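J.: Sequence:
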Amino acid sequence: MKIILTNDDGIDAPGLENLAKIISSVAVPTVVAPHVAQSGVGHRVTCHYSITVERKSETHYSVRGTPADCARLAIKQFAPDADWLISGINAGANLGSDVYQSGTVAAAREAAILGVKAIAISQYIAKNHQIDWDITRLHAGRILQRLLVKEPEANCYWNINLPHPVALDSNPQPVFCSLDKYPHSYRYRREGDEYHYEGSIHERPREPGKDVAVCFGGDVAITQLAL
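For my numbering, add 1 to where a residue sits in the sequence shown, where the first one is 1.
For the record, the hints were derived by calculation from the structure and aren't laboratory data. Be aware that a few hints might be false.
Keeping only pairs whose Cα atoms sit at most 27 Å apart, straight-line, the calculated BS3-like set for lysine-lysine is [claimed, not checked]:
#: 1; residue 1: 211; residue 2: 151
#: 2; residue 1: 128; residue 2: 182
#: 3; residue 1: 182; residue 2: 151
Label pairs and their in silico Cβ distance ranges [unchecked claim]:
#: 4; residue 1: 147; residue 2: 198; range: 32 to 38 Å
#: 5; residue 1: 204; residue 2: 58; range: 40 to 46 Å
#: 6; residue 1: 190; residue 2: 133; range: 29 to 35 Å
#: 7; residue 1: 179; residue 2: 38; range: 36 to 42 Å
Just so it is clear, the structure is predicted and the values come from calculations on it, not from any experiment. C-beta: ideal position from N, C-alpha, C; glycine also.
Using the sequences and the hints given, assemble the complete structure.
T.: Structure representation (structure tokens):
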């Protein structure tokens, strides 16, 4: 099995490092990731300028571009015979309507557009908590092991959100669910001519049974997204 790994947190991010540890048990991954964090850039791609790529090792490429650029380069240039592209593990959830601004999800979406099976995986961070990457790696590994033998439907890709906080001996259940379409609450605080975004993901509205409620309720939300 040949697998591409990417993210939107940058090539040195701990989420990508831990994803590589998971995948290394089943494949030698090709890592093609942004050289710096690109969170929130959505599906922006570079068409009118060159993209600089630094080859850091035989299988690692640092890209001065967006997550969608990384997916394109990986599939078109560096690993055209890949079976899967996995994007993550993102530090922070990508739930509900936020999938449209997420660079993590955009990389998986771009892979699906190009006909490659794809997964985006994110770790929700509970209020006043921090990620324990050993715990995240354990639970992410269990879910990925399950999904890598379960192909998404044609023109679709998987979006996974891990709950938080959980412990090593926790047993969050995988729940296949649909996307919650409610945006979370936010406002802009004005200071002169400047407007400052203020919002919190933790108090966002949620519809029972949809991905936000599942993840915030302590289980793993698995959503099949269509192009």
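J.: Determine for every hint whether it applies to the structure shown.
T.: Outcome of the hint check:
no., hint, result
1, 211 <-> 151, "holds, 21 Å"
2, 128 <-> 182, "holds, 22 Å"
3, 182 <-> 151, "holds, 25 Å"
4, 147 <-> 198: 32 to 38 Å, "holds, 36 Å"
5, 204 <-> 58: 40 to 46 Å, "holds, 43 Å"
6, 190 <-> 133: 29 to 35 Å, "holds, 33 Å"
7, 179 <-> 38: 36 to 42 Å, "violated, 29 Å"
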